[in-house]
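K.L.:
What follows is the residue order along each chain.
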Amino acid sequence: MLKWLETHTPKMVLAPSFIAVLIFVYGFIAWTGWVSLTRSRLLPKYEIDGLIQYDRLFASPRWDTAFGNLFIFGALFIVIAMVLGLVLAILLDQNIRTEGALRTIYLYPMALSMIVTGTAWKWILNPGLGLEATVQGWGFETFSFDWLVDPDMAIYTVVIAAIWQSSGFVMALFLAGLRSVDTEIIRAAQVDGIPTWRVYTAIILPSMAPIFLSAFIVLSHLAIKSFDLVIALTGGGPGYATDLPATYMYAMAFSRGDLGQAASSAMVMMLVVFAIVVPYLYSELRSKDG
Amino acid sequence: MKTYILSAVSGLALVAASAAIADPEAEVLHYWTSGGEAKSVAVLQEEFAANGGTWTDMPVAGGGGDAAMTALRARVLSGNAPTAVQLKGPAIQEWYEEGVLADISSVAEANNWDAVLPASIAGHMKCEGTWCAAPVNVHRVDWIWANASVLEANGIEMPTTWDEFNAAAEKLQAAGIIPLAHGGQAWQDATVFEAVALGILGPDGYRKAFVDLDMDTIKSDEMKAVFDQMRTMRGFVDDNFSGRDWNLATAMVMNGEAAFQIMGDWAKGEFMAAGKAPGEDFLCASTPGDGFLYNVDSFAMFNVDGEDKKAGQELLAKLVVGENFQEVFNLNKGSIPARTDVSLDAFDQCATLSASDMNASSEGGSLLPSYAHGMALRGAQAGAITDTVTAHFNSDMSADDAVNMLADAIANSM
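Chains as they are written, first to last, in numbering that gives the first Met the number 0: chain A, 0 to 289; chain B, 0 to 413.
None of these hints come from the bench; they were simulated from the model.
Please note that the accuracy of each hint is not assured.
[What the hints assert, rightly or not] Below, in silico cross-link-like pairs of lysine-lysine (DSSO-like), each with a Cα-Cα straight-line distance of 30 Å or less:
| id | chain 1 | residue 1 | chain 2 | residue 2 |
| --- | --- | --- | --- | --- |
| 1 | B | K38 | A | K44 |
| 2 | B | K223 | B | K38 |
| 3 | B | K275 | B | K38 |
| 4 | B | K275 | B | K170 |
| 5 | B | K125 | A | K44 |
| 6 | B | K38 | B | K218 |
Bear in mind the structure is a predicted one, so any value in this text is a computation, not a measurement.
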């Protein structure tokens, strides 16, 4: 009896959460996939009708904008946040005084919600109230910084706010990575007279590869699910110039009564996530096996 | 002891008897949660209670009703619909097609709704010939509001054609005043667009384009002219309009920073709340052109079980279209009664103008549903048009491209 309990207790303890995940994650993914193949409008319908919703989705100029924005925003946000985070981490790694205080200052934006970040940057970037008006008030009459209201540039304001929010967090990740590198190797390199920048590029950074991957995964899922920042900062505007797939999905599902369209856009978003996560999982699992 | 049991039994019988008569009961889902709106709902609640009913309030705040519609969807899917729901326009018929709306024809016929409501508004309340919803008010959408002293100082009359509007706007611009206060949100772009479209296409053209979705009209040269006028209007708006709320635009007119605003009559509520008087501090007129674009709030009645709930539904429907409620509610809300036979003595001059225009338009066949406010088209089609309108207004797209995009977007939304 005791032996039976010993072998089965872990399974029984895990079973409820396993079933919950199975239903509420994978079950609902399957349900969304089903709905995306129907002509559902206000309420879900279950007669399969082929790929019509996907045809509509890819014919929609608004989806084009939203999907294109995802790549502009995602690429810039991930690359710049990682570079900036790394630079900050390396600078902080020089055993400077008051490091703790500086680290807190850089990390603090992460504690703000995206809504607060978005609202604050909306005021800062508003040409009539914020940066532009202030600098013009200082006497530089020709200064212009109106990206927020320029449909071609507005998506970059989202990038700015997102980087401001997240680069401190990336810095914290990298700083932990830098600190975990074996100091013996670094000291040996220093004894050999190798310049500091070479120590970083040849020894420290390559040994931090797993941290880069983690930072990349965290940032890319932040980018794909980005919703609140856009809502607070631009409301998807001007026009729909700063729409992202998540805001598109929300508009279709909750204000347009077009559930099939929302479901198909959600499925496409999920495929994008898969495209990033599956290779990651594959490499993780393979390294465990080998 | 025996008498005790006897009285207990008779007491039970009494309870049973009163249950059979059924006290009216209603659970009402609505999204009127702001100050003036909540006050208006309270009027209905009090009247409902005075007629012996029990009201269960289910207010869902936010998002122009998006959140309320999500709550409604969850309630309907779980088989537990509220008694009455604030719904409007073709959404009523969409819900009817899902098979969840109740028939309130008996109340409508007993109270002669066909005679007291304008025909096109009554049409929205019917589902395949039966009555399924009750109208509360009529908001006029195609209003142009103006700052009286700014117009006077610049020697400008309220414009009656779009050319006059353009000329006035240029004059104002030269004088350093923002001609048009506008908020850059998609629905506000759509509000201006439909007012311009009504003026340029005329009532028949508007109906063909935005009610019947007639492709010839949508691709016509007149439609291009509408987009051209929108491009001109874009030049009359300040550079900082993106994402601005409509009431901030109203405030710009109020304090003389801007001269005009094109917005529904809820803007009047803002002027009134700031203590401004119509005709003195601010002016109201219909936007250039004929016709009347309405946005009618209504309550749709859902299928419910139980005599008490059905009684509540009927009482609610009767009260909503009742003369007293229509007057008091609309005085609070700034709109006008949907009934044409309510005395307008207590209403201000803008509301009186609105009511007389509504009656005239109803007779002349130019009383038209607003597409921008979800009265003319279903969500997917209206959304497709709004996407195009806002994309054009916020870029340098040509009118030709806009018209082609509009036609494609509508076809894609079917």
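K.L.:
Each of the hints needs a verdict: does it hold here or not?
P.N.:
Now for the hints, and whether the structure bears them out:
The hinted pair formed by K38/B and K44/A fails the criterion: a straight-line CA distance of about 39 Å is larger than 30 Å. A threshold of 30 Å between alpha carbons decides the hint, and for K223/B with K38/B the separation of about 43 Å lies outside it, so the pair is violated. Simply put, K275/B and K38/B have alpha-carbon atoms about 21 Å apart, close enough for the 30 Å limit, and the pair holds. Taking the CA atoms of K275/B and K170/B, the gap is near 25 Å; set against the 30 Å cutoff, the hint holds.
At most 30 Å may separate the alpha-carbon atoms for a hinted pair to count; K125/B and K44/A meet this at roughly 24 Å. Distance hint between K38/B and K218/B is unfulfilled; the C-alpha atoms sit about 45 Å from each other, more than 30 Å.
Figure legend: structure checked against the earlier numbered hints; hints not met, in rising order: 1, 2, 6.
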